[in-house]
Every structure is written in structure tokens, then in C-alpha cells.
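Asks: Sequence:
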Amino acid sequence: MRATFSRLLRATPVRALRPTAPRFQAPKKSAFSIPPELYPLYAACLVVCVSAVYFSWKKLATDQTLRLGRTNPTFTEKLQEAINKEE
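Going left to right, the sequence shown walks through residues 1 to 87 as this note's numbering numbers them.
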């Protein structure tokens, strides 16, 4: 690029205005779109997950024979066990 006389006399440089890139002008697409064909699959998975949580919670809440943790025996229980063992 050759420097011309008029360019040398300008106090401020003139910037060339460039059009914006087409990708900035295009409307933004959503991050992802869910195909309508998969709606029944999502509904079935939701039903399975909800029923699994419901029945597991029901089992854990109502089953008296299920031992979820170790229970420490009290002194009287151990004493009764020792007395019954001797008899």
C-alpha cells in the first residue's frame, strides 16, 4: 500500500468500515432442540423413575424387618441375653 499525500496530511486516520459477519446477523438458534419423536420415550423414563422412587421409599418406610443400620444393644438387653444363655 502506497502512502499518498492526502493520507499524510490527515490528523486522524480513517478506519475502513467493514460489514459485520453474517454469523452475527443471523438469529441465534437455541442451544439444543428436542425432537418430538422422543417425547414418549422421555415420558416413559419419567414414569419409571418416579415409580422407582415411590416404591423404594414405601419399602424403606414400612418394612419393619429391614435393618438399615446397626443398633447398639442396651445394657438390659445384653443382661437378659446373658441370663437366658446360662439357663
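Hints are computed from structural coordinates only; laboratory data are not their basis.
A hint or two may mislead.
[Unchecked claim] Between beta-carbon pairs, the in silico distance windows are:
#1 48 - 83: 51 to 57 Å
#2 83 - 63: 39 to 45 Å
#3 51 - 80: 26 to 32 Å
#4 62 - 38: 34 to 40 Å
#5 58 - 86: 53 to 59 Å
#6 59 - 83: 52 to 58 Å
Positions of the beta carbon are idealized from the N, C-alpha and C atoms, including for glycine.
Asks: The structure should be examined with respect to each hint, and the outcome stated for every one.
Replies: Hint-by-hint comparison with the structure:
The supplied range of 51 to 57 Å is met by residue 48 and residue 83, whose beta-carbon atoms lie about 52 Å from each other. At roughly 31 Å, the beta-carbon separation of residue 83 and residue 63 lies outside the given 39 to 45 Å, and the hint is violated. The hinted window of 26 to 32 Å between residue 51 and residue 80 is violated, with their beta carbons roughly 43 Å apart. Residue 62 and residue 38 have their C-beta atoms about 36 Å apart, which keeps the hinted 34 to 40 Å range intact.
Hint check: residue 58 to residue 86, Cβ distance near 43 Å, so the stated range 53 to 59 Å is violated. Taken as a hint, the range 52 to 58 Å is violated for the pair residue 59 and residue 83, whose Cβ atoms sit roughly 36 Å apart.
Checked against the numbered hints above, the structure breaks hints 2, 3, 5 and 6 and satisfies the rest.
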